[in-house]
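Take these sequences, add in the hints, and give me the full structure.
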Amino acid sequence: MITEDQGDKLAGASDPLLEEMEQALVSTMEKGFTWLCFPGILEKKYRQKELKRQKLLFPPMGSVALLFFIIYAVADYFMVPDVYQTAWILRFLVALISIPILIAIASSSVQKHVDVLMLVALMSGVCSILILLLISRSPMAAHYHTGLFIFVIFIAISIRFRLALGVCLLILILYTTALPFMPAMPLPAKLNSFLVMGTIILLCLVGCYQIEYRQRRDFLGNQMKKNDALRLQHLNRHLTELSLSDPLTGLANRRHFDESLKLYWRRAERSGDPLAILFMDVDNFKAYNDNYGHPAGDECLKSIARILKAYSRRPFDLSARFGGEEFVMLLPHTGDDEARIIAEKIRSSLEGLAIPHAFSGVAGYLSMSIGVATAIPDETGDEQDLLESADAALYRAKSSGKNCVM
Numbered sequence: 001m002i003t004e005d006q007g008d009k010l011a012g013a014s015d016p017l018l019e020e021m022e023q024a025l026v027s028t029m030e031k032g033f034t035w036l037c038f039p040g041i042l043e044k045k046y047r048q049k050e051l052k053r054q055k056l057l058f059p060p061m062g063s064v065a066l067l068f069f070i071i072y073a074v075a076d077y078f079m080v081p082d083v084y085q086t087a088w089i090l091r092f093l094v095a096l097i098s099i100p101i102l103i104a105i106a107s108s109s110v111q112k113h114v115d116v117l118m119l120v121a122l123m124s125g126v127c128s129i130l131i132l133l134l135i136s137r138s139p140m141a142a143h144y145h146t147g148l149f150i151f152v153i154f155i156a157i158s159i160r161f162r163l164a165l166g167v168c169l170l171i172l173i174l175y176t177t178a179l180p181f182m183p184a185m186p187l188p189a190k191l192n193s194f195l196v197m198g199t200i201i202l203l204c205l206v207g208c209y210q211i212e213y214r215q216r217r218d219f220l221g222n223q224m225k226k227n228d229a230l231r232l233q234h235l236n237r238h239l240t241e242l243s244l245s246d247p248l249t250g251l252a253n254r255r256h257f258d259e260s261l262k263l264y265w266r267r268a269e270r271s272g273d274p275l276a277i278l279f280m281d282v283d284n285f286k287a288y289n290d291n292y293g294h295p296a297g298d299e300c301l302k303s304i305a306r307i308l309k310a311y312s313r314r315p316f317d318l319s320a321r322f323g324g325e326e327f328v329m330l331l332p333h334t335g336d337d338e339a340r341i342i343a344e345k346i347r348s349s350l351e352g353l354a355i356p357h358a359f360s361g362v363a364g365y366l367s368m369s370i371g372v373a374t375a376i377p378d379e380t381g382d383e384q385d386l387l388e389s390a391d392a393a394l395y396r397a398k399s400s401g402k403n404c405v406m
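Just so it is clear: in the sequence shown, position 226 is 226 by full-length UniProt numbering, and no numbers are missing.
In case anyone wonders, no lab produced these hints; they're calculated from the structure.
Mixed in with the good hints there might be a few duds.
Stated by the list, open to error - Below 27 Å or equal to it, Euclidean Cα-Cα: the simulated DSS-like pairs (lysine-lysine) are: (1) K55 to K112; (2) K302 to K286; (3) K226 to K49; (4) K345 to K402.
Structure representation (structure tokens):
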């Protein structure tokens, strides 16, 4: 059962980034995303995902599109025979612009603005077709405006809506501006071409919006699942921590100590290093609790825990609340002399706090008795023997007048 204090710790243990993402998800689900834009951290996460998709998609798709664009050079000879050489030069220039862009997108050096780079390549192709429509007087040149449709469709299926909207409007403006100056197209054909171009752009933009909306909706759903999984993982981790720690002092609990003692013993057995245990008991703590009250007693235990934490700073040192007013400390790679020095420092540190205890019978302040036991593990004993030795040393300390190290 989780206590109220543990529940507070659990509730406050959330990852700030996870909380921020959770708030962004809730806000987006409530307000919607009609304008295809998420709150800060969520939009950043979506763009990162899209960047990966674009870096995988654009190089092969762009390469195939560029290949067909170059192959169409054969048609230039028949469709615009009066300017076919210029057409080939334009196609060469488009390739000269597009190939480095596709290589850059495929490389790891480009990590943002991938769609903008792709648009530069696409717009170079759009401009090349508009130039041919403006300079050729061949009656077949009028059919070249259909090439613009391909570019518009390509933009709609590959670029995010907001960018596609701006670019498609730019294409429509350029096309509308250039139409009156296209010599190969009669006026009715120009009007028809304008209407067709406008319709295609409108339909493509509607499709582009729907595609991105679905992508963002799916992203939200997947992100909520990931967040739920992360939150569950986070909570499970903290539940595990709570199950291994004492809720009052924050030290390891008896269960954690027992598991660690077995592990440390096996390690010391393999390495041949000494392992020390300090077994501590607060002198006449029941009398303190009975006369000063349990809240004061709890504060004393917390003070002792802070002292133990201060003297168990090495990576594998472990301090634990053994039960009630009893504490233990595991000190790997520690000989008997060093363990006794640490024990005396702990005892004197508590003594130095001078916590009043008029009912001690030992001193006028709170004190502690400590038993020390050290062993180099071998086949003749086990970890329980070491713990019992420390307990026996504690008993001798109690029998010798308390407030001492034995």
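Below or equal to 27 Å on CA atoms is what counts here, so check K302 against K286. holds, 16 Å
Given the hint that K345 pairs with K402, test it: the Cα-Cα distance must not exceed 27 Å. holds, 16 Å
Does K112 sit within 27 Å of K55, going by the straight-line distance between their CA atoms? This hinted pair holds, its Cα atoms lying about 10 Å apart.
Pairwise hint evaluation, K49 against K226, where the allowed Cα distance is 27 Å at most: holds, 14 Å
Going down the numbered hints, you'll see the structure goes against none, and every one checks out.
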